[in-house]
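Fit chain X to the supplied structure of chain U, relying on the hints for placement.
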Amino acid sequence: MGRPEWWERLKILLMLLPALLVLVGLFSGGLVVGLGQSLGYLPAAGLHSVTLQHYVDLLVEDAFWQSLWVTFSLAFTSTLLSTLVAVPCAFLLRDTFRGSRLVNFLFQVPIPIPHLVVAFGVVTLVAQSGMLARLLASLGWLSEPSQFPALVFDRAGVAIQLVYLWKEIPFIGLVVLAVLQNVGPDYEALAQTLGATRWQRFRHVLLPLILPAILSTSMIVFAFVFASYEIPLLLGVRFPTPLPVWSIQLYRDPDLSLRPGAMAIGVLLTLFSILWLVAYRRLMRYALRASGGR
Amino acid sequence: MSSFWRGSLVGGIGVVVGLPLLVQVIWSFAFRWYFPDLLPSEWGLHAWRYVFSDSSRVGEALLTSLGIGLAVSLLSIGIGMPAARALALHDFPGKGLVEWLLLVPIVVPGVVATMGIHLVFIHLRVADTSLGVVLVHLIPAVPYMILVMVSVFANYDTALEETARTLGANAVRVFWFVTLPAILPGLLVATLFTFLISWSQYVTTLLIGGGRVITLSMLLFPLIGGSNNATAAAISLVFVAPALLALGFTARSLAKGPSVLGGLGRP
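Taken in order, these protein sequences are the chains called U and X. Going by this note's numbering, the first residue of the first sequence is number 198, and it counts up by one from there. Going by this note's numbering, the first residue of the second sequence is number 311, and it counts up by one from there.
Bear in mind the hints are in silico, worked out from the structure with no lab data behind them. Think of the CB as a built atom: it goes at the ideal place given N, C-alpha and C, for glycine as much as any other residue. It cannot be assumed that every hint is accurate.
Residues of chain X placed beyond 12 Å of chain U at every Cβ, according to the derived structure [said to hold, decoys possible]:
id, residue
1, 356
2, 466
3, 467
Pulled a few chain X residues facing chain U out of the computed Cβ check, cut under 7 Å [unchecked claim]:
id, residue
4, 402
5, 415
6, 452
7, 506
8, 546
The shape of chain U in the complex, shown without the other chains (with noise of 0.2 Å):
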């Protein structure tokens, strides 16, 4: 082709600009005027100066840990079951047996529900007049409603773990079952030939294989449940409230004053998924090469 090479290049700029503008100019844009607001700078309330006060004021308050310490503790516990479910989830759909297309479809159905539907449809069984309860009164275990344990608002925050799991086991466990498929089963049957044991092909075949999968996905998981607004003010304690639903309460507030605290909030929150996605890298690099895996 005689184009030449700046043409080219132009070409692929002007493919790429539209992203860009959306993932640079809105994304990136609003992070900056975002990171403005917490240091201060507000002039729609009449603030000007730049002050890293705010960030102070969250930093020396107790109720800042614990709500960080709380919201990092629901992302922690539901990546952790949601991979620990998925990944025997995601061995047991790889065989093919009769209705093995229907138990594929159906640890399919999550993926696409949006995740009030299935808070609601939690709240619903999990209440303590909810289906559960119901069921266990019937059987006669119990006759009043106070006496199931309350799962929803509760400290442990039972009902938002179920809808995490709910929705990222079929998510973390579809990610590693394509990978098991691609795999296919040449490399176990190769090791089982040299005399590999069970655990020997999973240890040293198959966990390598995978385990780039699912660390990936329960990153996505992780930083996803750590931010997360709606399900912990829906399901949720109030009291140490997670970040994301503290940090945006206080936006919605009508006094602009709380504004930049909001921002230093959601800023501390945007620093602290950063340094778990490093932590996370090197985590996954050591993991692999532990494994026996690149």
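Structure of chain X alone, referenced to chain U:
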């Protein structure tokens, strides 16, 4: 695995997946359903009648959600398809940076960005409007569209396009008759799921729409955990309908191989 365990597996997954949805269907037709009854003592259509009445604003919200979702998915195609093609089929300086930028909105919380955008949108007078909501929905939608379409273009052979061009087809005809048919299945699924991303948004719509742009999620949210489960259930079922349609759509391609949704998942 014995057939008993397989049967339990199928049944178990069916119950766990189906129950949270089934219970909402029952609630939407319940008139009186008190503890400890396992089924409503009186059935009725009042929740559905309310949903279809003007006072519920469900029809209005449905149109708003549909309009915003369609705008977001069409814009995502226009923005995402060329970018995905550039990333999949070309090498250029800074490619790594662009790929990295795509992953950032997936991992970094959108809270700060959305709040920052809100301030800019107030100045641009698009806050509290559907246009503003469409623009902010593009942030999660566009990277998703690009990531799916990159994998579609990665298996795409440009030789056919060259042939068509040599035979005298112009750019529009090459796209319409050669490129589009080749990428259509992937593009349709990506569009469907991009639509669902917009459809399911709550907090971005709340912040940018400022309570003036009423989508279905805005109506459903305050009803969850409230006293009127029947109404909440009926609205929730309207809200979940496009997701079920998407499942029906992708179920047909399931015949080709399991886990087609594997790469399409979002947390």
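To see whether the hints hold, each was checked on the structure:
With a closest Cβ-Cβ approach of about 18 Å to chain U, residue 356(X) is found to remain outside the 12 Å limit, as its non-interface label requires. Annotated as non-interface, residue 466(X) keeps its C-beta farther than 12 Å from every C-beta of chain U; the closest such distance is 15 Å. At the 12 Å boundary, the C-beta of residue 467(X) stays outside the reach of chain U, the nearest C-beta of that chain being 17 Å off. Using the Cβ-Cβ criterion of 7 Å, the hint placing residue 402(X) at the interface with chain U is satisfied: the shortest such distance is roughly 5 Å.
Given hint, residue 415(X) at the interface with chain U, holds; its Cβ is 5 Å from that chain's nearest Cβ, closer than 7 Å. With its C-beta approaching chain U no nearer than about 5 Å, residue 452(X) sits inside the 7 Å limit, and its interface hint holds. Given hint, residue 506(X) at the interface with chain U, holds; its Cβ is 5 Å from that chain's nearest Cβ, closer than 7 Å. For residue 546(X), the suggested interface contact is upheld, since its CB lies about 5 Å from the closest CB of chain U, less than 7 Å.
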